[in-house]
Amino acid sequence: MIRDIVSSVFLLGGALFCLLGAIGLVRLPDLPARLQAATKPQTLGLLFVLIGTAVRLEFENAATLVLVILFQAVTAPVISQIVARSAYRTGAVDTDLLVIDELTARVAEQDGK
Amino acid sequence: MTIVFGLVLGMLSAAALLTVARLLKGPGTLDRIAALDVFVVIIVAASAVYIAIYRDGSTVPLMAAVALVGFVGSATAARLVERWERHR
Chain A
1238 MIRDIVSSVF LLGGALFCLL GAIGLVRLPD LPARLQAATK PQTLGLLFVL IGTAVRLEFE
1298 NAATLVLVIL FQAVTAPVIS QIVARSAYRT GAVDTDLLVI DELTARVAEQ DGK
Chain B
132 MTIVFGLVLG MLSAAALLTV ARLLKGPGTL DRIAALDVFV VIIVAASAVY IAIYRDGSTV
192 PLMAAVALVG FVGSATAARL VERWERHR
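For the record, the sequence lines run as chains A and B.
Taken in order, the first sequence gives residues 1238 to 1350; the numbers are from the working numbering.
Taken in order, the second sequence gives residues 132 to 219; the numbers are from the working numbering.
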């Protein structure tokens, strides 16, 4: 009984975070903002859903779920960084909107070599 | 529990639909890559809910595989976009 309640809370919270991330992906105006919505709420949502699932399983299978969330936590920032860097390099990011821009100087320095 | 599972699957379906909307609309290729990555995460979450419904742990390794394949795909596609645009 108590397992069902804990599992329900985590599953609902996780699905809500996934939905929030998707809404952000649709509503936010430009690529860097969308990457925020694509990375953080999704990882948190998946974490909650997997916790909610793990509560309902035996120990061996729940241990494999830890592996899944570990992959997600490691790979989401990497993809976000690669996509953002590609966007910056290809001129898809509007640099006038950035508050701090440390990359322009570095890229100019590297291209000047 | 049935109501909870219905709600969870409904929310995940709505999230998947919104992601597909961004995937179809997205102005640039990189927007689409980001949307596809989110879509893979939602698929993994939905299969986790499936596992929770049937209490059947036999498909757990598949989820890890799908997550990894999604990572490799998105990373490769983003690198390829960068290379294409530079040679243009």
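In short, the hints are calculated from the structure, not lab data.
The reader is advised that the hints may include incorrect statements.
[Claimed, not checked] Here are the simulated distance ranges between beta carbons:
1) A:VAL1344 with B:PHE136: 47 to 53 Å
2) B:TRP215 with A:ALA1300: 39 to 45 Å
3) A:ILE1242 with B:LYS156: 38 to 44 Å
4) B:GLY137 with A:ARG1240: 15 to 21 Å
5) A:THR1341 with B:GLY137: 45 to 51 Å
6) A:VAL1336 with B:LYS156: 25 to 31 Å
7) A:GLN1347 with B:LYS156: 29 to 35 Å
8) A:LEU1334 with B:SER189: 46 to 52 Å
9) A:ARG1240 with B:GLY159: 44 to 50 Å
10) A:LEU1265 with B:SER189: 16 to 22 Å
11) B:LEU211 with A:GLU1297: 47 to 53 Å
12) A:VAL1336 with B:PRO158: 40 to 46 Å
[To be verified] Simulated coverage check for chain A against chain B, where a stretch passes if three residues somewhere in it have a Cβ under 8 Å from a Cβ of chain B:
13) 1274-1286
14) 1331-1339
[Claimed, not checked] Incomplete in silico selection of chain B near chain A, CB under 8 Å:
15) GLY137
16) THR150
17) ALA152
18) LEU155
19) LEU161
20) ASP162
21) ALA165
22) ALA166
23) ILE173
24) ILE174
25) ALA176
26) VAL180
27) ILE182
28) MET194
29) VAL200
30) ALA206
All C-beta atoms in this analysis are idealised placements derived from N, C-alpha and C, irrespective of residue type, glycine included.
Item to check | In rising order, the numbers of the hints this structure does not comply with | outcome: Of the numbered hints, 10, 11, 12, 14, 15, 18, 24 and 29 do not hold.
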